[in-house]
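*Asks:* Please put together the full structure from these sequences, using the hints given.
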Amino acid sequence: MRTPHLEVTDLHVSYGQIAALRGVSLRVERGETVCIVGPNGAGKSTLLAAIAGGVAAGQGAVLLGGSPVTGLAPEAIARKGVSLVPEGRQIFSTLTVTENLRLGGFLHSNPGTARWLLNDLMDVFPSLKARAGYPAGRLSGGEQQMLAIARAIMTGPELILIDEPSLGLAPKIVDQVYAILAEIKARRGVTLLINEQSSTRILKHADRIYVLRGGRIQLEGRAEELADGEAIKRAYFGFDREGA
Amino acid sequence: MALSPLKGAAREALLPAVLTAGLGLVTLPVWLFASPTVETFWSEILVRIVLVTGFYIFIGNSGVFAFGHVAFACIGGYAAAWLSMNPMFKQIMLTGLPGPVQAMQLSPWAGVAAAAAMAALVALVVGAAIVRLSDIAASIATFAFLVVVNRIYSNWDSVTGGVAPLTNIPQFGSIWPTFFFAAAALCVAYLFQRSRWGLMLRASRDDDVAALATGISVYRMRLAAFVLSAAVMGAGGAVYTYFLGILTVDVFYMGLTFLMLVMLVVGGAESLTGVVAGVVAVSTVAQLLRMAEQGVEIGGATFALPLGLQEISLGIFMVLVLVYRSDGITRGRELPLPGFLKSAADAR
Amino acid sequence: MTQFLQTCLDAASLGSIFALSALGIGLLFGILRLANVAHGEFISTAAYSLIVPFTSVAAASELFIGKWHWALVIPTVCAIVIVLALATERFVFRPLRSASAPVLMMASFTVSYILQNTILMVYGSQARGVNLWYGLTRQIQWEGLRIPLIQIVTIAVTAVLMVSLSLFLKYSRFGIEVRAAAEDFRMARYLGVRANRVIGIAFAISGLLAAAVALLYLPQSGTINYAWGSPLALYGFVAVVVGGMGSLPGAVLGGFSIGIAITMLQVYLPPELKPFRDAFAFALVIVVLVVRPNGLFPTKHVMKRV
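Those protein sequences? They're chains A, B and C, same order as listed.
Under the numbering used here, the letters of the first sequence match residues 1 to 244, in that order.
Under the numbering used here, the letters of the second sequence match residues 1 to 348, in that order.
Under the numbering used here, the letters of the third sequence match residues 1 to 306, in that order.
Treat the hints with care, as some may be off.
[Claimed, not checked] These stretches of chain C come out as covered by chain A in the derived footprint (C-beta under 8 Å, 3 or more residues): (1) 171–177; (2) 183–197.
[Unchecked claim] Some chain C residues well away from chain B (every beta-carbon gap over 12 Å; in silico): (3) Thr-2; (4) Leu-63; (5) Ile-65; (6) Leu-72; (7) Val-73; (8) Leu-86; (9) Glu-143; (10) Ile-260; (11) Met-264.
Hints in this document: simulated from the structure, not taken from any laboratory.
Nothing here was measured: the structure is a model prediction, and the numbers come from that model.
Heads up, the beta-carbon is just placed ideally off N, CA and C, and yes, glycines get one too.
*Replies:* Structure (structure tokens):
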């Protein structure tokens with residue numbers, strides 16, 4: 001069996017008394033697009049933050065290409081080729097668009113790599129190129145999402161974690177975001193792990209799907225197997241248990 | 001679990017009773033047998049318990065770190081001096097005092113009460129503005145308040161005597177009044193933290209949003225805690241002044257603030273037991289270091305620590321506590337009451 | 001008119017000192033939410049490093065580093081304070097990185113207490129005269145104005161420091177990292193920004209600015225005592241709050257406003273109220289925090305920090 005790109009085993013995270021993740025395990029193969037679907041408060045954001053080193057795990061392990069990265073600082077995990085596009089974008093609003101992107105490129109030991117990536121990305125995102133000198137806080141929501149994705153790519157990742165890319169965006173913009181993600185994937189062959197609250201769009205884009213609820217994985221399956229959405233719905237709402 | 005309300009109340013009243021009894025058990029032999037040095041040392045601990053309890057009533061219940069409470073001790077200390085100093089000296093040194101105040105000489109007991117009232121009044125005005133602030137803004141604002149009070153009292157020569165010490169202030173003459181005020185402060189703090197407002201304030205400390213959602217006015221509860229803690233600080237400042245019989249403005253500034261914070265943090269800022277534990281532990285360590293600075297005779301030779309090492313050690317100790325045990329030696333819990341006391345209370 | 005110009009110059013020079021102090025404090029507050037009370041002791045340490053410990057208390061204390069050529073004094077003093085600042089970061093603030101802002105403030109209070117008492121232990125409690133760069137106290141006569149040279153130097157050095165600091169923050173890699181960290185530290189780390197290095201650089205700059213404040217203010221003040229740096233840092237604090245906490249241009253503006261306000265109060269306040277000048281300044285802090293928590297000069301992108 002091949003070593004998965006990302007493997008999470010029995011991950012527990014709690015904030016004080018409140019347990020956010022209660023033993024989550026998942027695998028993502030190299031080059032896959034995997035989506036985690038779950039209701040608000042299921043622990044999706046915590047899961048991505050824990051993989052990226054932003055929150056400490058109480059128990060369990062995160063393995064990248066077979067080697068453990070649990071407990072490493074976020075900046076160290078970023079250097080291992082993991083980049084996070086957090087919920088709500090978190091762009092640096094006082095920095096210009098270019099500065100936001102340059103920041104993502106600083107971890108390359110060769111400045112030429114960063115410069116090349118920057119130019120390349122400006123071609124992929126013409127709207128960002130047009131606003132290169134603007135403070136990022138003045139971009140529209142959709143442009144900010146594009147910037148957050150572009151900034152993540154600047155670190156030269158092999159695995160991109162994307163937390164709710166469609167949050168607060170109009171459906172048309174969401175289509176654009178997913179189109180961009182598909183293009184990036186085609187060009188750079190990256191692995192994608194995406195959180196979404198709604199599964200309708202995701203079924204088209206993902207290879208596999210996990211349903212997370214109450215800090216636990218409720219369901220796992222290939223997108224085509226779950227295409228009718230019924231199994232997801234049951235796992236998502238917990239119908240089988242509450243009998244509703 | 002199913003205690004009757006009466007039994008529950010009896011059981012709850014145990015904490016201040018046990019703490020007070022513990023202090024009393026030390027005070028009695030100190031009063032009977034101890035040398036003046038030891039009596040002074042213990043009196044100072046009792047005074048500090050009043051002051052740190054004052055600090056605690058606001059910080060421990062609201063979770064807001066106020067750095068300026070020593071200002072209220074300053075206000076209380078000067079109120080005590082104004083009311084109880086020998087009138088002859090007042091007429092010479094404090095010419096700016098109103099005539100009637102200049103002429104009166106109240107007993108220390110009345111002086112402490114008046115000091116508490118005055119501090120509470122100032123706290124009501126200042127607190128109305130400050131307790132709206134959250135987190136670091138509140139810390140900085142209270143810090144600024146401390147500087148304001150210190151600057152005013154250091155420079156208002158005709159009323160405070162400026163930076164010169166005020167003397168001829170009557171003393172208690174016994175350790176028992178000081179003990180009484182320490183016990184009273186602990187009881188007041190306990191009653192507040194068990195009251196409806198105290199409990200709600202503690203709930204809001206952990207979750208502002210939830211408290212707001214239940215319609216509790218965090219602002220009013222914080223203000224109540226602020227005023228009450230200022231009153232206890234004011235009383236503490238007065239008790240300190242009557243204990244020393246002399247008053248200088250710089251006693252109530254950064255140094256004392258730091259010492260109070262160390263005691264509170266070392267003891268654990270969230271429990272009343274922590275207040276007592278912190279004051280006793282830090283005072284004892286500081287006293288031992290001070291003695292070591294004065295020199296210890298071992299085999300005919302005197303060994304002394306360099307002067308100033310006491311303060312530096314205290315500071316390093318504080319850093320270690322902040323880093324390794326930021327919830328203090330009590331870990332924020334109250335005294336675990338011995339089982340036989342609990343069952344005695346339940347049996348009543 | 002001459003009198004007014006003279007006052008303006010005094011205000012600009014004092015404002016420069018406060019602005020430099022405020023920058024050192026504001027930088028750390030922006031990144032770490034650390035209200036560093038110990039900044040005053042960074043300033044004091046710079047001043048004390050110039051003189052010999054435990055000399056007999058003479059009118060002018062014997063200089064140590066201060067005796068050297070100025071081209072050597074400046075880097076040495078800066079290095080001493082930078083090392084001190086980095087040491088406090090390493091041993092106190094780094095272990096407390098996940099602590100709340102008030103706990104950090106308390107820790108800085110502790111550092112201030114330790115440093116102040118160390119100065120007391122090594123140098124004693126007596127005020128000491130320090131004769132640094134006597135030539136700078138000379139006055140230049142110009143159009144009826146008597147301008148102390150040190151004021152001109154202070155304003156010029158401050159201007160140079162501020163321009164270079166803003167260029168550094170604007171264009172250098174570290175500058176971008178520091179500004180990003182000041183806005184959202186966690187996100188910056190997700191992008192590979194090394195927390196320890198950014199914080200280290202911020203502490204080093206803060207130490208450098210403290211050294212600059214000491215070297216510029218010392219020739220004007222002439223004597224130092226163990227608490228010498230505290231008021232300079234306290235006014236820096238006032239400036240940071242007035243300028244909107246976390247905003248660096250705000251801190252500079254705040255510093256100059258406080259310098260102007262203090263100078264004007266000193267000149268125009270009725271004599272019986274003059275002693276209460278500082279009380280007014282700190283009362284202003286409370287008023288600003290309550291009424292205008294984003295400072296008196298909100299910039300376009302003031303982050304909600306308070």
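*Asks:* If a hint holds in the structure, say so; if it does not, say that too.
*Replies:* We went through each hint and held it up to the structure:
1. 171–177: holds (count 3)
2. 183–197: holds (count 12)
3. Thr-2: holds (31 Å)
4. Leu-63: holds (23 Å)
5. Ile-65: Non-interface label on C:Ile-65 holds, nearest chain B Cβ at 23 Å vs cutoff 12 Å.
6. Leu-72: Holds, since 30 Å exceeds 12 Å.
7. Val-73: holds (27 Å)
8. Leu-86: holds (16 Å)
9. Glu-143: holds (37 Å)
10. Ile-260: holds (19 Å)
11. Met-264: The claim holds: C:Met-264 sits with its nearest Cβ about 18 Å from chain B, beyond 12 Å.
Of the numbered hints given earlier, the model fails none.
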